[in-house]
Amino acid sequence: MVNLVLGLLTGFAAAWLLLQGSNQTWYVWVLFILGAASTIFSFDVLIGSIKEHEKRAAVLGFLFFVIPGVILVGMSWALVFSQ
Amino acid sequence: MTAVSAVDTSSTTSYHDPGAISEGFVYRDQSKRYPWWVKSVDRITVETNASEIQKPTINMIMMSLMRRGQNPDQPRQRDGLVNKISNGTPGFSLPDVSLEFASQTFFQSGVNVDGGLISGFRKIREVISDQVHTPQELGVPPWRGTEEEASSMIEKAAVHLGAAQVGFTAMDLTWLGPNVRISSDVEKPTTSREGIFFPPAYKYVIVVAGRVPMWAAKCAPGALGSAADRAGYEEAHMAEEKLMNFIRGIGYGAFDIHMMGINPIPFAVMAGLGEMGRMNRVVSPFFGGAVRFALILTDLPLALDKPIDFGLHEFCRHCRKCARACPVNAISFETDPSWEPLGPYSFKGKKVWFEDCEKCAAYTSSAGTYCSACLAACTWNKQNKTALHGLMRSLGAKLPAFSRFYALMDDLFGYGLIPEEKRKTWWEKDLPVKGVSESSKD
Ligand code: SF4
Ligand code: SF4
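Here the protein sequences come in this chain order: D and G. Quick note: the first sequence uses the numbering used here, first residue 1, plus one each step. Quick note: the second sequence uses the numbering used here, first residue 1, plus one each step.
In short, the hints are calculated from the structure, not lab data. Small disclaimer: the values here were computed from a predicted structure and weren't measured. No residue lacks a Cβ here, since even glycine has one placed at the ideal position from N, Cα and C. Just to be clear, a hint being listed does not mean it is correct.
To be verified - Under the rule of at most 30 Å between Cα atoms (straight-line distance), these lysine-lysine pairs were calculated in the DSBU-like manner: (1) K434(G) / K55(D); (2) K55(D) / K422(G); (3) K422(G) / K51(D); (4) K429(G) / K51(D); (5) K188(G) / K51(D); (6) K55(D) / K429(G); (7) K51(D) / K398(G); (8) K424(G) / K55(D); (9) K385(G) / K51(D); (10) K55(G) / K156(G); (11) K55(D) / K398(G).
Claimed, not checked - Over 10 Å on every C-beta distance to chain G, these chain D residues come out as not near it, computed from the model: (12) L9; (13) V45; (14) S49; (15) V80.
Work out the full structure, taking the sequences as your base and the hints as a guide.
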């Protein structure tokens, strides 16, 4: 379920970027793709580690990947808005 | 026992580079055996010196059995165990101890550990080996096929019968004691006062791997950790007993040589089930230290496997997590392995991180359980519920020089042994069947 929600959110965000027009520079896409990948990975680590009963790994692993993920996605969006 | 009159002593000495694959055998295709980050190699990653090789007069398994702490049949040891249970020693509640005994129900029933040496087998093994109908009994010819077909068939059967993995290698006397010989005077592997004798046709070794329940293992050292260790051996040996029956059922001989006192470690390394780690035990790329082995000697011609290299040798130089986990500092902290054996129970001829076996066995004796804390703490022990572990395994194998960082992250993320005060929580967890979750193999 969580994976589905994440997939939908990511798809929505990608679609939204596409809707902004084709004039985005390549690094906006690089930042967005890296950020989205890191965010999705953070949820994989969170859910997998909970299943493994590794609570500390779940929390730290999630933070380790979600924070840079959100920052990168945020930067890509900031660049879109600034144009 | 069969009387052994003449012994082929030429086979007792090393006749090739120790650690290199044996010549004159068929080897099976290794390309699909492991993921891309595990290399198949023609010699083990441990350096050896043929002129220095010293044959072990006793192995560590024998020694730990000799000094085995938890043996309630002996009054002194029973008193120690009773005291621990009565005093509420963490890790020694009555259910913890009972789980340890129950975890080895069949393993311990199948062998008789008497006075420290594995001296014989109980009735249960005879009953188990009766459960097979040989081709001779059925009046049909034995199975025939190529070595590759035989290995593929045995692998499939082994996994069906409960093995986590199998590997095939040649019988090589290099790593065995001076009392182990090849002799054409015996028809089957035989133990006598003069030693252990294998007939020349029995030149194939099947190494059977059994998984260790990870969460109980993390409660080492203590009764729960020991329950995990015992469960791992039970898994390997249950699968092995069944596999031996399968082999007999297709018309060939199969004998458990682990329980004849043969150390499985060199055979597991030669069969590519892992590399020798700092802890002086096998580390598997799939299971880390959470794996135990059983050994079958057979005359069924098999296509053999090759040793592997997944960067562990370099990884262990900087990791040291097992050494930190050892309660008695029996594991080396030196960066590099050494040619110099440590104490009377380790032997020359290989460059490894020698472990102080005396300290280890003395601890096992005083603790009242098998320890295995080093095996349970290994950085390569991971379940496989998140893709992170696969990523880290491949990074560890390809960039092993950063292992100090990986080990630090491992500690930070809370992997490794569970502190004593939290071990009771094992009984509250919702754990998978047999305590075994997926591994990178699944
Ligand atoms: S951790 Fe335990 S089993 Fe491993 S070497 Fe130390 S005492 Fe022995
Ligand atoms: S814990 Fe680290 S140093 Fe010890 S065997 Fe495992 S990988 Fe090697």
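For each hint, the structure was consulted:
Between K434(G) and K55(D) the CA atoms are separated by roughly 21 Å; this keeps the pair inside 30 Å, and the hint holds. For the hint pairing K55(D) with K422(G), the CA-to-CA distance comes to about 13 Å; that is within 30 Å, so the pair holds. Of the pairs offered as hints, the one joining K422(G) and K51(D) holds, with about 18 Å between alpha carbons and a cut-off of 30 Å not exceeded. Distance restraint check for K429(G) and K51(D): the Cα-Cα separation of roughly 11 Å lies within the 30 Å cut-off, and the hinted pair is therefore satisfied.
Only pairs whose Cα atoms come within 30 Å are accepted, and K188(G) paired with K51(D) is rejected, the gap being roughly 48 Å. In summary, the hint linking K55(D) to K429(G) is supported, as the alpha carbons are separated by about 12 Å, within the 30 Å threshold. Pair hint K51(D) plus K398(G) holds up; C-alpha atoms about 28 Å apart against a cutoff of 30 Å. Simply put, K424(G) and K55(D) have alpha-carbon atoms about 16 Å apart, close enough for the 30 Å limit, and the pair holds.
This hinted pair checks out: K385(G) and K51(D) have alpha carbons roughly 7 Å apart, not beyond 30 Å. For the given pair, K55(G) sits about 35 Å from K156(G) by alpha-carbon distance, which is inconsistent with the 30 Å threshold. Between K55(D) and K398(G) the alpha-carbon distance is near 28 Å, which keeps this suggested pair within the 30 Å criterion. The beta carbon of L9(D) is kept farther than 10 Å from every beta carbon of chain G, the shortest such distance being approximately 19 Å.
Chain G draws V45(D) into its interface by the beta-carbon criterion, the shortest separation being 5 Å against a cut-off of 10 Å. With a cut of 10 Å on Cβ distances, S49(D) falls inside the contact zone with chain G, its closest approach being about 6 Å. With 10 Å as the threshold on Cβ separation, the claim that V80(D) sits away from chain G holds: the shortest Cβ distance comes to roughly 29 Å.
Checked against the numbered hints above, the structure breaks hints 5, 10, 13 and 14 and satisfies the rest.
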